[in-house]
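Enquirer: Letter by letter, the chains look like this.
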Amino acid sequence: MTGAVEPRRRPRFRLEPYVEFARTAMAREATYRFDVFTTIGSFVVRVYLLRMVWTALYAHNAAPHELSRRAIITYSAVALLMGIVMDIDQTRALKDKLHDGSIATDFLKPIIVPFYFFADGTGEVLFHAVLLIPATLIALLIFHIIVPGPGVLAAFALSFLLGYLVGFFLNFILNCSAFWTLEISAVQLIVTWLTDLFGGELIPLILFPAFLQNFIYALPFAAMFSTPLLIYVGVIPPSRYFEVMGLQLVWIVGLAIVSTLMWRAGSRRIVVQGG
Amino acid sequence: MRWRRMAGVYRQYWRINILTTLEYRENFVVWFAFTFVYHGSSIAALWIVLSRFPSMNGWSFRDMAFLYALWMVAHALHNTLFSTVGEVPDHIRNGEFDRLLVRPLDTLFQAIATPGQVFPDELVLAIVTFVAATIYAGVHVDAMFLTFIPLIFIGGALIDLGINLIISTAAFWFVKVDALRWIFVQLEQEFTRYPVTIYTRGVRFVLTFVFPFAFMNYFPARYFLHKGMSGLGLPPVAGLLTPAIGIVFVALAYVFWRFGLNRYQGVGH
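If you read the protein sequences in the order shown, they are chains A and B.
Following this note's numbering, the numbering of the first sequence begins with 1 at its first residue and continues without gaps.
Following this note's numbering, the numbering of the second sequence begins with 1 at its first residue and continues without gaps.
Derived from the structure by calculation, the hints contain no laboratory data.
Idealized CB from N, CA, C, for every residue including glycine.
Watch out, some of these pointers could steer you wrong.
[Stated by the list, open to error] Taking lysine-lysine pairs in the DSS-like style, the calculated list, with each CA pair at most 27 angstroms apart, reads: (1) A:K97 with B:K227; (2) A:K95 with B:K176; (3) A:K97 with A:K109; (4) A:K95 with A:K109.
[Unchecked claim] Rough simulated footprint, nothing fancy, chain A against chain B, three-plus residues with beta-carbon under 8 angstroms: (5) 10-19; (6) 44-50; (7) 56-66; (8) 91-97; (9) 234-245.
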């Protein structure tokens with residue numbers, strides 16, 4: 001027999017509202033049409049720049065045996081492609097709503113609030129994911145990036161998805177810190193620079209000096225960019241897929257736990273002052 | 001008389017900036033940390049690449065550190081003195097810009113002297129980095145160096161101001177120019193990081209004659225480091241032309257600004 005009173009605070013989970021949140025977010029992003037051109041334009045220019053940089057470096061030095069010139073240009077191009085969806089501040093709505101106080105009304109709605117942020121962020125990311133189609137075509141036709149076999153591509157796609165989730169939770173944790181301090185834009189930018197460098201987005205981590213490598217692999221950033229990228233260019237062989245993706249999964253679980261704890265502690269701190 | 005009034009306004013501008021910074025101390029510390037990590041991670045990236053590939057078209061990490069530090073000081077000088085020019089599009093959008101037009105002082109001067117939270121912390125960090133890089137790169141410091149380096153910094157800051165002013169002027173027509181500015185900031189930062197000899201001819205031409213970023217650091221660095229290889233056949237002495245290039249570029253940008261200002265009709269508030 002079901003109880004007469006359902007606990008008010010835990011709404012039953014239905015998927016539809018969240019799908020709708022994601023659709024709204026996509027439509028919102030689509031209104032910034034000029035950003036489409038700047039995203040694609042800056043992608044092309046940056047791949048072009050990195051190709052010139054790697055070409056110059058490979059011409060005057062002994063090439064590393066793990067990566068040919070073409071492989072490293074492919075690496076950079078794919079890293080920038082991933083950046084189109086990875087470098088988005090998906091859950092900034094949380095920070096914005098904490099700033100202007102509108103989060104208070106979200107708590108009154110019959111939704112699970114963190115899922116709302118996930119849906120909203122996913123919608124935004126999906127819109128940018130559409131840009132991957134022209135950008136990938138450019139990478140293939142103009143920069144002639146290497147395309148691995150279907151098995152490697154599938155492993156890359158899975159690892160990319162895991163990397164995306166690591167990035168999502170890291171982003172959520174940062175935006176959650178707005179519960180305690182409002183000045184987090186600078187901290188977020190700092191984390192972005194560190195991700196670019198220590199995640200292997202700019203320079204493959206295997207080219208880092210040995211003593212730095214131990215330290216880098218202890219950080220979550222490598223699980224975001226480096227793992228899928230090294231799978232793509234074949235530096236990580238199929239025999240190690242299980243191990244590296246398992247590590248990504250460990251990061252996801254760990255960061256999800258931290259996210260949950262922070263969300264619980266933070267949402268209890270909400271004090272609505274007038275308004 | 002007019003100049004004295006402007007000097008008075010400018011003094012007040014700095015007084016307000018410094019008082020604001022002192023008021024929001026935590027904010028200042030966080031943003032200084034950001035500046036530090038931003039430049040630190042750029043230099044670290046160069047070091048990592050050059051520890052694996054010791055030569056970039058004949059430039060070592062020591063040379064590249066000097067190249068970066070030259071750009072860093074010029075860029076920080078611009079950020080300290082002229083970053084407010086970049087806020088003009090915001091003022092246009094929210095209608096505040098129209099206020100500047102009816103006041104009895106030059107509009108651009110007023111835009112430059114709109115107080116915010118400007119503090120010369122990045123400039124101090126840049127100068128410290130530059131001194132360290134100069135020693136590290138073993139650049140010969142003589143009277144010539146000490147005379148020209150400050151002028152080169154000023155010229156470089158003026159090149160930055162020119163770009164900033166051109167983008168802000170575009171806001172008279174397009175209102176929202178954030179994306180355009182973001183692209184220029186990114187590209188300037190990435191293309192000034194390497195010696196221009198690694199680029200294709202077209203890119204070298206653009207960086208020398210269209211948006212003369214190469215004069216902020218590459219040409220002066222080539223002169224002081226005695227690098228023989230030339231970009232676009234310009235002699236090494238071209239490295240001392242930065243101040244002149246800066247003045248010409250900013251003058252062209254100012255002409256464009258006046259042109260835009262004369263056609264500006266407000267955004268309808």
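Enquirer: If a hint holds in the structure, say so; if it doesn't, say that too.
Expert: Here is what the structure says about each hint:
{"no.": "1", "hint": "A:K97 with B:K227", "in the structure": "54 angstroms, violated"}
{"no.": "2", "hint": "A:K95 with B:K176", "in the structure": "23 angstroms, holds"}
{"no.": "3", "hint": "A:K97 with A:K109", "in the structure": "14 angstroms, holds"}
{"no.": "4", "hint": "A:K95 with A:K109", "in the structure": "18 angstroms, holds"}
{"no.": "5", "hint": "10-19", "in the structure": "violated (count 0)"}
{"no.": "6", "hint": "44-50", "in the structure": "holds (count 4)"}
{"no.": "7", "hint": "56-66", "in the structure": "holds (count 3)"}
{"no.": "8", "hint": "91-97", "in the structure": "violated (count 0)"}
{"no.": "9", "hint": "234-245", "in the structure": "violated (count 0)"}
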